[in-house]
Every structure is written in structure tokens, then in C-alpha cells.
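Protein sequence lines, in the order shown, are assigned to chains U and S. In our numbering, each number is its position in the first sequence, counted from 1, plus 15. In our numbering, each number is its position in the second sequence, counted from 1, plus 15.
Be careful, since some hints might not be right.
Remember, identical chains collapse to one label, so a pair may be satisfied in a single copy or spanning two.
To be verified - Mimicking DMTMM-like on lysine to aspartate or glutamate, the simulated pairs with C-alpha atoms at most 20 angstroms apart in a straight line are:
hint: 1; residue 1: Lys66; residue 2: Glu291
hint: 2; residue 1: Lys66; residue 2: Asp33
hint: 3; residue 1: Lys62; residue 2: Asp33
hint: 4; residue 1: Lys194; residue 2: Glu306
hint: 5; residue 1: Lys62; residue 2: Glu291
hint: 6; residue 1: Lys195; residue 2: Glu178
hint: 7; residue 1: Lys167; residue 2: Asp294
hint: 8; residue 1: Lys126; residue 2: Glu260
hint: 9; residue 1: Lys62; residue 2: Glu312
hint: 10; residue 1: Lys179; residue 2: Glu128
hint: 11; residue 1: Lys69; residue 2: Glu291
hint: 12; residue 1: Lys174; residue 2: Asp19
hint: 13; residue 1: Lys174; residue 2: Glu256
hint: 14; residue 1: Lys194; residue 2: Glu211
hint: 15; residue 1: Lys280; residue 2: Asp71
Everything labelled a hint here was simulated from the structure, so no lab data went into it.
The primary structure of each chain is shown beneath.
2 protein chains.
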Amino acid sequence: MQFDLTILGSNGAIPAHDRHPTSQILNYNGNHFLIDCGEGTQFRMNKFGIKRGKLDNIFISHLHGDHYFGLIGLLTSFNLNWREHPLHIYGPAGLEEIMNVHFKHSQTQLKFEIHYHHTTADAPRVIYEDHFLQVETIILTHRLPTTGFLFKEKKGLRKILSEKITEYSIPHAQIPDIKKGEDFTDATGRRIPNAELTADAPATRSYAYCSDTVFTESFVEQIKGVGVIYHEATFVDEHTERALETFHTTSRQAAIVAQKANAGKLVIGHFSARYESLDLLLSQSREVFAETYLAKEGTVFEI
Amino acid sequence: MQFDLTILGSNGAIPAHDRHPTSQILNYNGNHFLIDCGEGTQFRMNKFGIKRGKLDNIFISHLHGDHYFGLIGLLTSFNLNWREHPLHIYGPAGLEEIMNVHFKHSQTQLKFEIHYHHTTADAPRVIYEDHFLQVETIILTHRLPTTGFLFKEKKGLRKILSEKITEYSIPHAQIPDIKKGEDFTDATGRRIPNAELTADAPATRSYAYCSDTVFTESFVEQIKGVGVIYHEATFVDEHTERALETFHTTSRQAAIVAQKANAGKLVIGHFSARYESLDLLLSQSREVFAETYLAKEGTVFEI
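Working from the sequences, and respecting the hints, build out all of it.
Here you go:
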């Protein structure tokens, strides 16, 4: 199953150096999840060939504009393109009021339903679930109520060993139950334990989105062993005080979080407009956590 | 005095083919006037080197999103960049409510004042005036209340002829009055008529912004003799019915307006996303009005 992340926008609050406000697309087997939606997200989707029609779920971390100002334009384009299937938006309660005041003044009649799922920043909660994936909120610490999002692949079925099917003449009809973990009883009444017939399901993959937040280890336990973590890294070491004042993180601090969480890979983004070059952000993070990568726009990361 | 127009965005409602929603900058001697502010306007200003600090007046034609969704991002960036001088916004009354709901949820405290000047689409009115320019609304006919904007350079002072200063020994102190049109009385009491001493002020320049609107000649008298007219031209001839239904214009109809107004030059824009090539829009307009130009993004037109 395809599971990858495309960076659409990577800059902090003020767009600069041809970097755009935060947004990214998580693609699970062709199903697109949009995470944050800064101004211009719909242009970025066009640019990187992301199909709007495959997007049914949008996750908004908090109500600073660089994380949602592109939402009203995207919804309006859906409507102008005659979208009819429902859309789910997960984010702070204020989003609904903001979208509705736009729709009121433009006299927009939506052709599709929007289901708002209000997130709260008090405790982690499962907010989305389908056959393959589960999404839970991560509680972040910022100037406004803010949540990250942990996307976890569900444990799959056990893998049946083909040579055992032959050896024990296992009928086709019983295979689904064996994949679920049941033992097999053959024609002579002999019981073959499941462990002999199957191998473990492939390791499940996971992605943690953590932006915006001050440096905190408060959610490390929740994301322990995560495959890929995206963590904001607004500042370099020299501006550690400024990071604290503005409830943001340095790239070195982001690396500490990734290290403590025993993550596979760290992607850093939400860069301050003051840095034209991102080299120092990257090198300071790599001093702590070697597997750090810059969230360059258009880059695709395998989860 | 510099007086020119830079196209920032030229597409209709749905961004496509790397064309962006409507916005443009009118530059009068370094003073920037922003006309409409579709999503991404602040990125386009960066791209074309337009300085945000020189912008004090923003004109919004109507409340369809492709004409104003970029405003909240621009205001937020002003604030993050510590703007302190006031900003004037001319547009429909709803704008203020829309901006305020965003500011409420992001807990934004503005560091500068915004003065909203509410436009109405009932009759043309002078909404802006300074030493050099006057701006009046143009009443357009669209699905929402919509106004265009007519920028008119004020008649300058008459030009005094230097040989007459010598001939009649005109004292320096009297020149300003003569430039304003007064006659001159010399030391012998002889009265020299102003017409003998001065030439006409240079011709005044003007720019009419007309978008969005159905085809109408209702404002032709008001803009008669305009130097440059920007007129929406959403559709080609083949889609004339569709233009009527959606209260838009074909490029041929835009040309008729320019012709009847005896305009110097016509710039067409607000192109439908259905047209990747703009050739037909241009050629159908030029059949009626030869001096037609496409509003290509980044193009600068002298007024």
C-alpha cells in the first residue's frame, strides 16, 4: 500500500523566499489527507499534480492564518467544480463560523455537505478511523489551542505461509480465519497451531504531524517508535529565546523530540522568513538526530 | 509622473494554467493602489517585486472570493511585519465582518488602523481623492453588488511660457497664480490675458477597472475617453449564452465597451479556466477593437 507525504508549503507565518505557508498531503493508497491549508494550497496542489477529487478529509491544527487561510478558496473551488460528495474537516470549532461568514457574503450555496469535527486541545482523541488507518490528536503547546495529528496504520492480517497450505491441505474457505489468528484442525482432527501456519503481519507504519508548538516532550510517549515525524523548526540555536517567547521550536529541539520518540525519520519545516538558507537549521538538527530532512516543497517522503 | 498598472492575477474564479485570481497594482509615482486581492496576492507581490510598505489603499470590487480571499493573508503579513501606518480599504460592507471574524479566532491584535470605506452599487461616487488623483466607483451589473473603479488624474496647473516671463518681466512671486489661470498686470497697469502667458496643462490620464460584470453599456458615458480600460472577458463568442447566465462578458463584448467609450487601450482578463490558450479571446476582441491586450501576469501597462 502506498503511504507517502508530499510537502506543499513549508514556511512560517510570512511567506518568503518562494516558500509557502504550511500544507501537506498524506497519501494512503490514493486516498488523500490534507494537513493544514495555508494560503495558496489549491495552487500548490495544482503544481504538484494532486487531484482535488481524491480529498475527503482535511485536518487543521490551529487557527493561525498560515495554517488555514487557503481553506475557503479550496472549498469554493470544490463547489465551482460541482463537487457533490461530502467533505470532513477536523479542526478547532471556530473554522465553521469563519467559513460560514464567507459563504454568507458571497451568497454561496454549497452543492456538497461539510461535516465539521471539532478538535480540542485538552487530551488526545481518536478523530478518524477507516479500514486501514486511525488518526488521533496530539496535544501541542502554542499560543492558541493546537493539536498535531498521529496517523497510524492498523495492524494488518497475519501472512499465511503458502507451503503450509499445501502441507496440511488447508481448504480455501478457512484461510481468512487463519489469517485472523485461528488454529487449523485437519481432516484427522489434528489441531495445527496458528503460529506454525502464519507469519506476523507487516510492521505498521505511522506519521506524526507536530506543528506549531513550543519545545515540549509531553507527547513523546504517545508517538514512541513513529516512522516519520514532521516537527516545526522555526528557529536556529541563536534564536532559542525567540522560539520560547513565540511558542515555537528550534531545529535542535525538534531533533531532541525525534530522538526521544525513537522516530525513524524527522522532517523539519515551518521555517522563519528570516532565513533564506536552511542549511543551519538542517545541520543543527542533524547534530542530534542524523535522520533529519528539510520539508522542501514538492518533496515526497515515504512513510 | 509614473502611472502604470501591473497585473498580478488574471484568471476567473478557479485558478488554472498557472493563472491566479484577480489582483493588480496601480502605481502612481511610487504610491501603490491595490485593486482586488484574490488568493495569493501577497505571493504575487513578492514575485513581481512590489513593496508592501508603499500600499495604503486597497479597492475591492465585490465579495466573490476570487476578488478578495487574499486580503486576510495580506493584512496578517502587514501586522507580522510591524506595520504601523493606517490602511484604507474601499469595498462592500461585508468585508469588515469577514476580516474581524478571522482576527477574533486568531486572537490578532492589529498594530495599525484599518479604515473601511463602504462602497455601494447604486450610483457612482468619488471615494478617494489626493493631490493628484481621484477615484470614483463605476456601477457594474453582476450577481452580487459590484463596483468598478475609475482612477482619474487631476487636471494639473497650466504651463507658463518661459519667453513670456522675460518679455513682461513677470515677478517670481506671481507665477503660481498665473499657473492657476490668472491674468497678469504689469508695472504700467497693462493687463496681459492668461491665454497669452500659458499653455494647457498636460492631458490627464485615466484608468477604468471594470470587473466583474455582464455586458452593459450603462457606464460608457462615465468613462468616455478613458486612457486604459481593464474589462473582464471571461468567455469567447461560442459561450455568449453562458456569459449572460453567469453575469460575465465575452471578449468581443468587452471590445464593444472599449470602442463606445473611445478608450485608448483595452486590457482583458478574468479568463475562464476552461481556456488554456487565450488566443481566441484576444483575436475576437481585436476584431472589434484593435488596441486590445491580454492581462498576462507580470505585464506592466503604461496608463
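Open item on the list: Flag every earlier hint the structure violates by its number, smallest first.
Closed with: 4, 7, 10, 11, 12, 13 and 15
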